[in-house]
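K.L.:
Working from the sequences, and respecting the hints, build out all of it.
Chains as they are written, first to last, in the numbering used here: chain B, 1 to 381; chain Z, 1 to 331; chain F, 1 to 91.
Simulated from the structure, these hints should not be mistaken for laboratory data. If a hint is listed, it holds; no wrong ones were tucked in.
One side only, chain B facing chain Z, incomplete, derived with CB under 7 Å:
no.	residue
1	ALA16
2	ILE19
3	LYS20
4	GLY54
5	GLN57
6	GLN112
7	SER116
8	LYS376
Below 30 Å or equal to it, Euclidean Cα-Cα: the simulated DSSO-like pairs (lysine-lysine) are:
no.	chain 1	residue 1	chain 2	residue 2
9	B	LYS376	Z	LYS34
10	B	LYS165	F	LYS55
11	Z	LYS305	Z	LYS279
12	Z	LYS189	F	LYS11
13	Z	LYS316	B	LYS17
14	B	LYS91	Z	LYS2
15	B	LYS264	F	LYS55
16	F	LYS8	Z	LYS241
17	B	LYS140	B	LYS91
The beta-carbon is built from N, C-alpha and C at its ideal position, and this holds for glycine as well.
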Amino acid sequence: MQEIQLKDLYDGFRDAKTIKAYKKIIEEDAKKLDRTINIMEVCGGHTHTIMKYGIPQLLPSNIKFIHGPGCPVCIMPKERIDHAYILSMQKDVILVTLGDMIKVPGSKGSLQDARSKGADVRFVYSPMDCLKIASENPNKKIIFFAIGFETTTPMTAALLNTVIKQNIKNILFHINHVTVPEVMSELIDSRDEHVDSYNHNIDAFLGPSHVSVISGSKIYEKFPKEYNTPVVVAGFEPVDVMQSISMIVKQFIENRCELEIEYKRLVSYDGNIKAQELINNYFEKVSLFKWRGLGNIKDSGLKLKKDYEDYDAEVIYKDILPIEEIEDHKLCICSDILRGMASPTDCTIFGTACKPNKPVGSCMVSSEGACAAYYKYGNLL
Amino acid sequence: MKTVTLAHGNGGAENQELISKVFYKAFKNDILTKSEDAAVIEDGNLAFTTDSFTVSPLFFNGANIGKLSICGTCNDLAMMGAKPKYLTCSVIIEEGFDIKSLEKIVNSMKKELEINEAIVVSGDTKVVPKGSVDKIFINTTGIGQIQQKGISSNSITQDDVIIVSRDIGCHGATIFAAREGMDMSSDLKSDCTSLFIQVKALIEAGIKITALRDATRGGVSAVLNEWANQSDVCIEVDEQKIPVSNEVNGICELLGFEAMSLANEGTFVMAINKDEASKAIEVLKQFENSKNASIIANVTQQYSKKVVLNSEWGTKRFLELPTGELLPRIC
Amino acid sequence: MCLSIPSKITKIDRENNICTVDTMGVERSASLDLIDQEINIGDYVLIHIGFAMNKIDEEDALESLSLYEQIIENIEEEERQAQIIRENKSC
Numbered sequence: 001m002q003e004i005q006l007k008d009l010y011d012g013f014r015d016a017k018t019i020k021a022y023k024k025i026i027e028e029d030a031k032k033l034d035r036t037i038n039i040m041e042v043c044g045g046h047t048h049t050i051m052k053y054g055i056p057q058l059l060p061s062n063i064k065f066i067h068g069p070g071c072p073v074c075i076m077p078k079e080r081i082d083h084a085y086i087l088s089m090q091k092d093v094i095l096v097t098l099g100d101m102i103k104v105p106g107s108k109g110s111l112q113d114a115r116s117k118g119a120d121v122r123f124v125y126s127p128m129d130c131l132k133i134a135s136e137n138p139n140k141k142i143i144f145f146a147i148g149f150e151t152t153t154p155m156t157a158a159l160l161n162t163v164i165k166q167n168i169k170n171i172l173f174h175i176n177h178v179t180v181p182e183v184m185s186e187l188i189d190s191r192d193e194h195v196d197s198y199n200h201n202i203d204a205f206l207g208p209s210h211v212s213v214i215s216g217s218k219i220y221e222k223f224p225k226e227y228n229t230p231v232v233v234a235g236f237e238p239v240d241v242m243q244s245i246s247m248i249v250k251q252f253i254e255n256r257c258e259l260e261i262e263y264k265r266l267v268s269y270d271g272n273i274k275a276q277e278l279i280n281n282y283f284e285k286v287s288l289f290k291w292r293g294l295g296n297i298k299d300s301g302l303k304l305k306k307d308y309e310d311y312d313a314e315v316i317y318k319d320i321l322p323i324e325e326i327e328d329h330k331l332c333i334c335s336d337i338l339r340g341m342a343s344p345t346d347c348t349i350f351g352t353a354c355k356p357n358k359p360v361g362s363c364m365v366s367s368e369g370a371c372a373a374y375y376k377y378g379n380l381l
Numbered sequence: 001m002k003t004v005t006l007a008h009g010n011g012g013a014e015n016q017e018l019i020s021k022v023f024y025k026a027f028k029n030d031i032l033t034k035s036e037d038a039a040v041i042e043d044g045n046l047a048f049t050t051d052s053f054t055v056s057p058l059f060f061n062g063a064n065i066g067k068l069s070i071c072g073t074c075n076d077l078a079m080m081g082a083k084p085k086y087l088t089c090s091v092i093i094e095e096g097f098d099i100k101s102l103e104k105i106v107n108s109m110k111k112e113l114e115i116n117e118a119i120v121v122s123g124d125t126k127v128v129p130k131g132s133v134d135k136i137f138i139n140t141t142g143i144g145q146i147q148q149k150g151i152s153s154n155s156i157t158q159d160d161v162i163i164v165s166r167d168i169g170c171h172g173a174t175i176f177a178a179r180e181g182m183d184m185s186s187d188l189k190s191d192c193t194s195l196f197i198q199v200k201a202l203i204e205a206g207i208k209i210t211a212l213r214d215a216t217r218g219g220v221s222a223v224l225n226e227w228a229n230q231s232d233v234c235i236e237v238d239e240q241k242i243p244v245s246n247e248v249n250g251i252c253e254l255l256g257f258e259a260m261s262l263a264n265e266g267t268f269v270m271a272i273n274k275d276e277a278s279k280a281i282e283v284l285k286q287f288e289n290s291k292n293a294s295i296i297a298n299v300t301q302q303y304s305k306k307v308v309l310n311s312e313w314g315t316k317r318f319l320e321l322p323t324g325e326l327l328p329r330i331c
Numbered sequence: 001m002c003l004s005i006p007s008k009i010t011k012i013d014r015e016n017n018i019c020t021v022d023t024m025g026v027e028r029s030a031s032l033d034l035i036d037q038e039i040n041i042g043d044y045v046l047i048h049i050g051f052a053m054n055k056i057d058e059e060d061a062l063e064s065l066s067l068y069e070q071i072i073e074n075i076e077e078e079e080r081q082a083q084i085i086r087e088n089k090s091c
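P.N.:
Quick look at the structure:
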């Protein structure tokens with residue numbers, strides 16, 4: 001077998017000639033379409049690739065993107081951020097989370113704000129970094145504010161596994177892991193009061209790359225079968241995205257509706273069973289989890305099983321953690337934007353009261369949200 | 001803005017906001033608001049600048065806080081076409097700081113002063129209780145003699161092209177890789193170097209420089225955005241032409257950074273008339289530090305005060321002023 | 001979530017189930033706790049927040065890359081043909 005170099009795994013999937021070639025193929029095939037196709041890329045990494053590499057500029061006008069809610073930072077509801085804020089302000093607590101999370105504002109402010117008020121808030125690159133913080137601070141409680149989709153959940157599980165095995169007493173968890181297929185169903189099968197009729201504009205999904213590495217493509221089976229919506233699981237490099245769009249367009253012109261995998265080098269139907277087992281060992285579904293901008297979505301969140309209550313910060317600190325719901329801003333139309341019913345420029349507070357450094361809704365919160373992307377790339381889209 | 005946050009020190013958008021809403025508001029004058037790397041005073045003959053150094057860790061691959069404190073200030077002078085002459089050195093040291101480390105730092109400063117042919121003529125030393133500063137903070141202020149007048153970020157026109165002196169992002173990438181908790185090793189090295197030698201060579205070759213800036217906090221992206229704004233032009237960058245080393249690319253991949261936003265301490269950006277560009281590249285290529293100097297952008301009027309990145313496959317996007325604290329993306 | 005990168009395994013510590021990976025010249029350690037496939041030095045894995053997530057299937061990767069080469073060749077051939085036709089028309 002021919003040898004592959006690490007460089008090929010990057011360059012080969014970012015190659016300009018290949019991108020231009022797919023541009024041509026898609027252009028030709030799109031002429032045979034009798035309609036516009038709206039493709040939702042679910043995952044924030046895909047939104048980032050699409051914006052960074054200018055993919056909309058390469059596509060014909062009858063292929064459009066709807067930017068999905070695939071950014072676990074963006075969809076974190078204010079109520080949960082407030083939990084993190086309150087926990088971080090407790091004496092002898094070190095609140096630890098992953099990168100972007102510290103910038104997102106809840107109703108009291110962001111974790112960054114808490115830090116500037118004296119809270120010990122740290123961001124880490126990996127959940128395992130908590131172990132070092134815990135051993136260096138034996139008299140403090142390290143609370144890991146866990147976020148992320150199926151991609152990141154197994155890593156939190158692995159940390160908990162280590163904490164239990166090594167009998168570490170000062171690490172706790174606040175779990176905010178969410179799952180992707182439920183929000184995809186919600187967007188298609190919307191029963192939300194804001195939407196007047198059973199109407200959505202999503203014609204196909206670009207399936208998340210790395211959620212699928214863990215969970216396998218099996219989790220998307222119901223979309224072509226029950227919702228007549230094709231799914232192509234795409235890698236996150238620009239060539240992967242272009243190839244996947246080409247595969248979607250071909251499905252439409254050939255009258256097929258299937259689940260396909262473009263990202264074959266990493267995604268299989270079954271996924272990473274070991275990671276799935278680790279997740280199932282420690283976590284179970286929460287019946288309702290609120291997504292910022294979308295409301296409560298059934299079975300879309302995870303929590304620690306009762307057996308692991310001793311590690312659950314939500315249980316241990318329940319007396320100080322509020323449970324009241326906080327209303328989304330009245331003028332925020334993120335829920336419509338996420339369903340493809342509106343674009344960021346339709347929003348009355350876009351660019352004025354709602355900006356990247358002062359975000360109101362989920363679409364503006366992280367650099368991968370639709371509104372943040374529109375704000376940044378302006379009229380070049 | 002109710003409290004100062006870490007983002008206010010990032011060299012990007014929030015930094016600008018803090019400076020203009022608090023400091024410029026109070027200290028308003030024509031020289032200050034020109035926002036150059038160094039102030040031009042005394043009828044265009046002298047350049048005057050100050051900088052404080054709070055880098056952590058203190059010692060990293062390629063330099064330490066001492067070398068940085070001299071390079072930083074001397075380079076700001078060099079960026080106005082000035083030969084560094086006199087510096088002051090003010091230190092705030094945390095109680096308990098190790099004298100051997102202090103000597104190492106000061107010796108690096110000595111070495112760098114010799115390279116710049118400059119001297120420290122005045123200084124101040126403060127020691128504060130443990131916890132009041134993070135080991136040591138250094139401030140250096142410098143005065144230099146201007147060798148070529150008129151170098152200014154407010155004078156860039158469509159006749160100019162933009163050159164970057166070497167591969168970018170080395171310093172920022174090295175610091176991130178060296179930080180505690182980011183346990184990784186690589187051949188990454190800070191680009192921390194004194195730049196006057198290269199500037200002198202350009203001036204002596206008779207090259208008329210429009211603008212010069214070293215790409216420190218906020219990286220090349222901050223420089224280009226500031227220039228586009230100050231000169232009211234559009235800077236169109238050819239993405240392919242930006243030189244980035246494999247190691248810096250590696251860190252950017254790993255942590256989700258863009259090389260254009262990473263800090264540099266020995267890399268400068270130059271705006272120069274297109275007719276003089278190839279001559280300038282030739283001069284720069286003589287030096288180890290600028291052997292891969294490249295022309296990376298043109299100046300147009302396409303989108304006022306904006307920087308555009310043109311990709312190899314025909315798409316374009318705006319390159320924004322970096323915002324926020326530099327955090328690794330998780331997704 | 002999606003910031004996961006391909007890296008090459010350069011060392012394996014089987015006792016602690018950790019590997020050292022190289023990502024374009026940057027070396028890091030990553031946990032193998034989530035891998036149930038056989039792993040050897042020289043293998044390519046996808047790394048995410050300090051963990052190896054899955055082994056990269058080299059055969060599939062090579063298949064994709066050859067497909068792309070083929071597509072580029074086809075398009076270039078089409079353009080050559082179109083050019084010839086244009087030139088013939090103008091004669």
